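Student: Which chain is which? The protein sequence lines are U and H, in order.
Just so we're aligned: 134 in my numbering is position 134 of the first sequence, and the numbers increase by one with no gaps anywhere.
Just so we're aligned: 171 in my numbering is position 9 of the second sequence, and the numbers increase by one with no gaps anywhere.
Hints were generated in silico from the structure; no laboratory data involved.
Remember, it's a predicted structure, so these values are computed and weren't measured experimentally.
Please note: incorrect hints may appear among the correct ones.
[Said to hold, decoys possible] If you want the footprint, here are the derived chain U segments under chain H, 3+ residues with CB under 8 Å: (1) 46–53; (2) 71–83; (3) 91–101.
Glycine included, every Cβ here is placed at the ideal spot set by N, Cα and C.
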Amino acid sequence: MIRKMLIAVVTLTALLSQPVFAVEPDEILADPVLEERARAISKQVRCVVCQNQDIDSSNAGVARDLRILVRERLVAGDSDQEVMDFLVARYGSYVLFKPPWKPSTYILWVAPLVFLTFGGIAIVLVLAQNARRYRNSRIQAPERGANDDQKPENHSLTEMNS
Amino acid sequence: MKRILALFPIAIAGILGAFLLWGLNPDRDPNEIPSVLISQPVPEFDLPPVERLGTPGLSRAELAGNDGSAPIVVNVFASWCVPCRAEHAVLTRMVREDGIRLMGINYKDKPRDARNWLSDLGNPYERVGSDLDGRAGIEWGISGVPETFVIDGAGTVVFRFVGPVLGDEAIGKLRTALEQARANRSGETS
Numbered sequence: 001m002i003r004k005m006l007i008a009v010v011t012l013t014a015l016l017s018q019p020v021f022a023v024e025p026d027e028i029l030a031d032p033v034l035e036e037r038a039r040a041i042s043k044q045v046r047c048v049v050c051q052n053q054d055i056d057s058s059n060a061g062v063a064r065d066l067r068i069l070v071r072e073r074l075v076a077g078d079s080d081q082e083v084m085d086f087l088v089a090r091y092g093s094y095v096l097f098k099p100p101w102k103p104s105t106y107i108l109w110v111a112p113l114v115f116l117t118f119g120g121i122a123i124v125l126v127l128a129q130n131a132r133r134y135r136n137s138r139i140q141a142p143e144r145g146a147n148d149d150q151k152p153e154n155h156s157l158t159e160m161n162s
Numbered sequence: 163m164k165r166i167l168a169l170f171p172i173a174i175a176g177i178l179g180a181f182l183l184w185g186l187n188p189d190r191d192p193n194e195i196p197s198v199l200i201s202q203p204v205p206e207f208d209l210p211p212v213e214r215l216g217t218p219g220l221s222r223a224e225l226a227g228n229d230g231s232a233p234i235v236v237n238v239f240a241s242w243c244v245p246c247r248a249e250h251a252v253l254t255r256m257v258r259e260d261g262i263r264l265m266g267i268n269y270k271d272k273p274r275d276a277r278n279w280l281s282d283l284g285n286p287y288e289r290v291g292s293d294l295d296g297r298a299g300i301e302w303g304i305s306g307v308p309e310t311f312v313i314d315g316a317g318t319v320v321f322r323f324v325g326p327v328l329g330d331e332a333i334g335k336l337r338t339a340l341e342q343a344r345a346n347r348s349g350e351t352s
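Same shape as in the complex, but just chain H:
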């Protein structure tokens, strides 16, 4: 009995050490909120186009019933969001070079500002839904802009990225998610 008790402090120190190792890991972001959307179908939403932009709006139907040719990247952006500007270049390049399908949710933005922003920087979006009051944003569970989601061919959300997709690590994560989404689809059809 005494011997077992003597091991007790060592066991406690071990558990505490493991906990600290996990908790103080610099790669761990304690502010990261686990998303409930992952592996769930696309949420219910229906957004009109941005006025006089000439790009169609975005709703659940386009994402849930997408023909499965390619996964879709949904990017929540706004003209008033500074990191979005930097991210825009990355996404534009991915559309041009990787051929990703990109659709946008224009979050709480004035249509005129959104139009100007997209004409200044270019419009890489296949569709852009205008979320004036932020309701669609709540359905998607976003905490701010920018946020980026990957939807696979079956209309399931496979990936969520909070913050701008900038830098090799973030881009790498997005690419991995896109590959996974493609794999999901081929697994289903075979």
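The shape of chain U in the complex, shown without the other chains:
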């Protein structure tokens, strides 16, 4: 009985407890709506010191300053976009985790689509070729003794796959 209760308590605490945040109590805004927006913005902004962390979870001094700044701008009545623009004007689009669509990022955005398209085409071509060869070999097999003449084609196929 006691054991069961203990397990229940531990499980409940684990479920209800919040992960530790870098946001310190004195930073949090009284207005929950604004605070929510501030948190959302902070999660999209890269910390310039520890570069793979967002400022929401970073303990770096600059990250804290930026969190406070974001909240100040929100309280002053800035829209989310205006706050982002303010940060980008000072730290460059590098601070955004989601890179904007502009000439220097075209490759970044388009590359996955290009790879997917070419990969798809390659798969279709290879499968079509395999199917054709399979049909040919079934038709020709009784007539000819061996399929030796198909070896060069096989070779080029492995090359294309690599």
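With the hints as your guide, set chain H onto chain U.
Tutor: Chain H alone, transformed into the frame defined by chain U:
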């Protein structure tokens, strides 16, 4: 068609090779953040002097409207920053020997610590602004201390260096930037 397809793997290998050559170059620092300030006017900021230091404060006005006699080096420093101590000697020497104009932003530092630090090591700064809350630092887009900027005669930021200016390579970069800043000015007046 087959021939063209056969060239495909070679092309991919070539592109991949070029990418790796660029990416694995030991001189490339992946942590380097491109600065948006380069070729931009000096950001808006106005800093009071460090209390009882006896050196005037620093604001945009001194940098934007500088009379064009010489480029200005702006150095962000703090007494709590260990590399700054090493860099201080280099900057002091450059002020003495090269005659550079050096101005400082004292970043998140207690005025008393800053005073002690500068009286221990010497004060090479023409002006020092006290950035207690780090707001000016954000305007400059700094990620830490030390950082060093070069401002040309027209009040445009021409160079940013992250980290201490130590060693021949860093000093060389700073000198090159100073020359470029001087050239900017003469190009404008002629």
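Student: Of the hints given before, which are not true for this structure?
Tutor: Hint 2 alone not satisfied by this model.
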